[in-house]
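As a plain string of letters, each chain reads:
Protein chains: 2
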Amino acid sequence: MNTEGLIGSYGERLAALTAERGPLCVGVDPHPSLLASWGLDPDARGLERCARGMIEALGGIVPVFKPQSAFFEAYGAAGIAVLERTLADIKAAGAISLLDVKRGDIGSTMDAYAAAYLSDGSALAADAITLSPYLGFGSLDGTIELADRGGRGVYVLALTSNPEGTQVQHARAADGRTVGQIIIDEAGIRNAARRKAGASLGPVGVVIGATIGHTGIDFTALGGSILAPGIGAQGGTAADLGEVFAEATRFVLPSTSREVMSAGPTPGALQAVATRVLGQMKAAIGLR
Amino acid sequence: MNTEGLIGSYGERLAALTAERGPLCVGVDPHPSLLASWGLDPDARGLERCARGMIEALGGIVPVFKPQSAFFEAYGAAGIAVLERTLADIKAAGAISLLDVKRGDIGSTMDAYAAAYLSDGSALAADAITLSPYLGFGSLDGTIELADRGGRGVYVLALTSNPEGTQVQHARAADGRTVGQIIIDEAGIRNAARRKAGASLGPVGVVIGATIGHTGIDFTALGGSILAPGIGAQGGTAADLGEVFAEATRFVLPSTSREVMSAGPTPGALQAVATRVLGQMKAAIGLR
Numbered sequence: 103m104n105t106e107g108l109i110g111s112y113g114e115r116l117a118a119l120t121a122e123r124g125p126l127c128v129g130v131d132p133h134p135s136l137l138a139s140w141g142l143d144p145d146a147r148g149l150e151r152c153a154r155g156m157i158e159a160l161g162g163i164v165p166v167f168k169p170q171s172a173f174f175e176a177y178g179a180a181g182i183a184v185l186e187r188t189l190a191d192i193k194a195a196g197a198i199s200l201l202d203v204k205r206g207d208i209g210s211t212m213d214a215y216a217a218a219y220l221s222d223g224s225a226l227a228a229d230a231i232t233l234s235p236y237l238g239f240g241s242l243d244g245t246i247e248l249a250d251r252g253g254r255g256v257y258v259l260a261l262t263s264n265p266e267g268t269q270v271q272h273a274r275a276a277d278g279r280t281v282g283q284i285i286i287d288e289a290g291i292r293n294a295a296r297r298k299a300g301a302s303l304g305p306v307g308v309v310i311g312a313t314i315g316h317t318g319i320d321f322t323a324l325g326g327s328i329l330a331p332g333i334g335a336q337g338g339t340a341a342d343l344g345e346v347f348a349e350a351t352r353f354v355l356p357s358t359s360r361e362v363m364s365a366g367p368t369p370g371a372l373q374a375v376a377t378r379v380l381g382q383m384k385a386a387i388g389l390r
Numbered sequence: 103m104n105t106e107g108l109i110g111s112y113g114e115r116l117a118a119l120t121a122e123r124g125p126l127c128v129g130v131d132p133h134p135s136l137l138a139s140w141g142l143d144p145d146a147r148g149l150e151r152c153a154r155g156m157i158e159a160l161g162g163i164v165p166v167f168k169p170q171s172a173f174f175e176a177y178g179a180a181g182i183a184v185l186e187r188t189l190a191d192i193k194a195a196g197a198i199s200l201l202d203v204k205r206g207d208i209g210s211t212m213d214a215y216a217a218a219y220l221s222d223g224s225a226l227a228a229d230a231i232t233l234s235p236y237l238g239f240g241s242l243d244g245t246i247e248l249a250d251r252g253g254r255g256v257y258v259l260a261l262t263s264n265p266e267g268t269q270v271q272h273a274r275a276a277d278g279r280t281v282g283q284i285i286i287d288e289a290g291i292r293n294a295a296r297r298k299a300g301a302s303l304g305p306v307g308v309v310i311g312a313t314i315g316h317t318g319i320d321f322t323a324l325g326g327s328i329l330a331p332g333i334g335a336q337g338g339t340a341a342d343l344g345e346v347f348a349e350a351t352r353f354v355l356p357s358t359s360r361e362v363m364s365a366g367p368t369p370g371a372l373q374a375v376a377t378r379v380l381g382q383m384k385a386a387i388g389l390r
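Quick note, the sequences are listed as chains A and B, same order. The numbering used here numbers the first residue of the first sequence as 103 and each following residue consecutively. The numbering used here numbers the first residue of the second sequence as 103 and each following residue consecutively.
Please note that the accuracy of each hint is not assured.
[What the hints assert, rightly or not] Derived SDA-like pairs: lysine to any residue, alpha-carbon spacing no greater than 25 Å straight-line:
1. Lys193(B) / Ala180(A)
2. Lys193(A) / Ala180(B)
3. Lys193(B) / Glu158(B)
4. Lys193(A) / Glu266(A)
5. Lys384(A) / Gly162(A)
[Claimed, not checked] The following label-pair restraints were derived from C-beta to C-beta distances:
6. Ala190(B) / Gly344(A): 48 to 54 Å
7. Asp243(A) / Ser302(B): 39 to 45 Å
8. Ile291(A) / Arg360(B): 30 to 36 Å
9. Gly318(B) / Glu158(A): 55 to 61 Å
No lab work stands behind these hints: they were computed from the structure. None of these values were measured; they are calculated from a predicted model. Beta carbons are placed, not taken as given, at the ideal position from N, Cα and C, and that holds for glycine.
Could you build all of it, start to finish, from the sequences and the hints given here?
Here's what the structure looks like:
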């Protein structure tokens, strides 16, 4: 039954779900110190109880979950098996999975990453993944095409808030644009070509740190979702969103991790924090 | 028995093994069309027969194997289990494993990647991995430190030969240096601080396409290994190495994949091609 006409685009699905639940992405970052705070051992079993416990508690209220692949890869094949089950849980809960893998490569290698993370039938298929553009935005085109055909999306790293990031991201091309600006422009070009009539969001999102401050960049031309990590315990506030994104704030998907996860493992405590942050983000961003 | 004093540094181990076997890295890139040409199905079982068959045939003559993680990730947890066994085979054969993962992240996430790929006791531990610097070279420092402590190394993407790569890699910082140059300079600074007395190579290598042509960059200041993909079927020749690297050609680890793998699955045929390419690279580069 899943013919192309019946699958919503990633932008449509994201807009509908955030309109219903609120604009928020919750990171699933089961790092060793978090497992310890949940009373779990740093092994694949502890990983599974933490990651799947998050989805069990929050799967019905949070629109987007962002598992961080590194914390699963750290346990080898056993950890990846937990990631497969976590992604299945997110799907079963009716939420969107945004797998944070930051992959970036060329040719048949990039095709293999797309097959792993953005293809129907793959055990690791997610609704969207993060990508890294060091090899040039064009190296990601085949992956974007595959994602969009299956109603999936991508988020390309653009401007991050870690201080070391400016070394690459603020370097300038011959035409004067910074690398970060170029990535945003390139994403906008792909979205303009792929956005369905009437849809506000195309399949190509970007990652922009919530705390990078005023950039002078007009993000409204992007036509895609803006993943903005750093909300909550990492320092970003609703006011920061307005400062960075201005008119484009309505396209922002703010992401938080530590603030929610550290409230666990009790489901009620996780739900209370998630509900509070969802309320803050609804107030800051409004509905699309 | 593996106390720190007894572990050679990555640079020492690489120099010794390439002096003995010749300067060559053979990619383990089991993509679907290669599996088909070996008469194997595109599943985890076919993947295992291909990847481990490569090491069984070539483990005693090739110094460095570079498994491409994407082709294993494409089969989910089952593929990662094959990667674990492939890495164990490389170690058992006395060769060096250079796992091509191109990871790049910050903070506790980058720590988790380092734990997965560069830590004793991890099922996915390799002798070296590739890293991507889009988040800034400094974001990789903790990983470099951990790698070096365990006698391991890293290769940071710098200048790649795909045409789209110049968009990011040729952008310029305020001081006029290109991003690619900055990555090479930063690697050189880390190597100068870590290179053991008398060792020619520090733990921080860079990835430079074998076919990028003349750059004007002096690579001798790097003090680390230069992974140069693109030799053989991908178009690069011994003459290209001299043109790109000049005096630094002796630090180059040329990498080939299709030329060797496509000779399989017969072990004798794989060995014949690998031996021939090893001979060409010895002639082009000489011993360190």
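Hints not upheld, ascending by number: 4
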